[in-house]
Amino acid sequence: MTDDGSRPVRVGAVNYLNSKPLIEGLDELLPGADLILDYPSRLADDLAGGLLDVALIPSVEVFRDPDYEIISDACVATHGPVLSVKLYSRVPMGEVRSVALDEGSRTSAALALIMLAERYGVEPDIEPLPLGSSVESTNADAVLLIGDRAIHALDESFVTTWDLGEEWLAWTGLPFVFAMWAAPSGRDLGHLEEALSRARDRGVASFDEIARREAPILSITEDTAYCYLTENLDYHLGSAERRGLILFHELAVKLGLAPEGVDLVFRHCTPA
4 MTDDGSRPVR VGAVNYLNSK PLIEGLDELL PGADLILDYP SRLADDLAGG
54 LLDVALIPSV EVFRDPDYEI ISDACVATHG PVLSVKLYSR VPMGEVRSVA
104 LDEGSRTSAA LALIMLAERY GVEPDIEPLP LGSSVESTNA DAVLLIGDRA
154 IHALDESFVT TWDLGEEWLA WTGLPFVFAM WAAPSGRDLG HLEEALSRAR
204 DRGVASFDEI ARREAPILSI TEDTAYCYLT ENLDYHLGSA ERRGLILFHE
254 LAVKLGLAPE GVDLVFRHCT PA
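Numbering (the working numbering), first residue to last: 4 to 275.
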C-alpha cells in the first residue's frame with residue numbers, strides 16, 4: 004500500500020504484548036506498507052515529525068495536537084486491572100514527593116500524575132526512568148513502569164502498588180484507553196482504516212496463538228500471556244471507552260498536561 008503511488012504508507016505500532024492483537028496479520032492486510040515497531044513515546048514523536056503516516060500512539064498525545072484524528076475503533080483499553088501499567092511507591096501515595104516516570108510512557112505518566120493530584124493533592128517532582136533502567140536505579144519515592152517489564156513481579160518491596168487501570172475504574176467507573184490509531188486530519192488513508200479493524204478482529208480471534216508465540220520471548224507462561232490479553236485488556240473503542248477518554252482529556256487539560264482548545268475528532272468510531 005502506498006500513500007500516493009510513490010512510497011509505502013508508514014504505519015507505526017507498539018512493540019508490546021498488549022498491542023500484538025492490533026497488528027495480527029496487518030502485513031497481509033496492508034501489502035507493501037512499512038510497519039515500524041517501537042516504544043509508544045517514540046511513535047508519537049515520529050508521527051508528529053512526519054516520519055509516520057499513521058501510528059498507534061498514547062492517547063494523551065492526541066490531546067496535544069489539534070491536527071490529529073482518531074481513525075479506528077481499534078485501541079488498547081482496559082476495564083479494570085491492566086497488569087502492565089503500575090505505580091510503585093516506597094511511601095504512602097499521599098506522601099509521594101518525587102516520581103520516576105518510565106520514558107516509554109506518556110499516557111500512563113499523565114494518568115499517574117492526575118491520580119496523585121486529584122486523589123491526594125500531590126504534585127511530585129518528576130524525573131525520567133530511562134528505557135532499560137531498573138527501579139533500583141532511582142531513589143524517587145514512586146516509580147512508574149509500563150509495558151512488558153511491568154508484568155513481571157519486582158524484587159524490591161514497596162509500601163504501595165497501584166495498577167492504574169484498576170485505580171481508574173474504581174475512581175471513575177469508566178474504562179481507560181491507553182493508545183489509539185491516529186493520523187493527521189484530512190489525510191486520504193484509503194482502506195487502511197478497514198485494515199486496522201480487520202487486524203484487530205484477527206488478533207482477538209487469535210489470543211491463544213499470540214500467547215503461545217510471545218510468552219517465551221517475555222519469559223512468562225502461556226497462561227499469564229493469555230489471561231493478560233483476554234482478561235486485562237480490551238481492543239474496541241466503544242461508547243464507554245470514549246466517555247472514559249473524554250474524562251481523561253478533561254483532567255489532563257485541568258492539570259496542564261494537555262493544552263486547551265483541542266477537540267477530539269473521531270473518524271469512523273462508535274458515538275458516545
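Please note: incorrect hints may appear among the correct ones.
[Claimed, not checked] Ranges of calculated distance between the beta carbons of each label pair, as one might list FRET restraints: (1) P11 with E126: 43 to 51 Å; (2) R216 with D128: 38 to 46 Å; (3) S160 with G97: 36 to 44 Å; (4) P69 with E212: 17 to 25 Å; (5) F161 with G193: 44 to 52 Å; (6) D266 with T175: 16 to 24 Å.
Keep in mind the hints are simulated off the structure, nothing from the lab.
Note that the Cβ used here is the ideal one computed from N, Cα and C, for glycine as well.
Comparing the hints with the structure gives:
1. P11 with E126: 43 to 51 Å: The hinted range 43 to 51 Å holds for P11 and E126, with Cβ atoms some 44 Å apart.
2. R216 with D128: 38 to 46 Å: Given range 38 to 46 Å: holds, Cβ gap about 41 Å.
3. S160 with G97: 36 to 44 Å: 19 Å, violated
4. P69 with E212: 17 to 25 Å: 40 Å, violated
5. F161 with G193: 44 to 52 Å: Given range 44 to 52 Å: holds, Cβ gap about 48 Å.
6. D266 with T175: 16 to 24 Å: 21 Å, holds
Hint check: violations occur at hints 3, 4; the rest are consistent with the structure.
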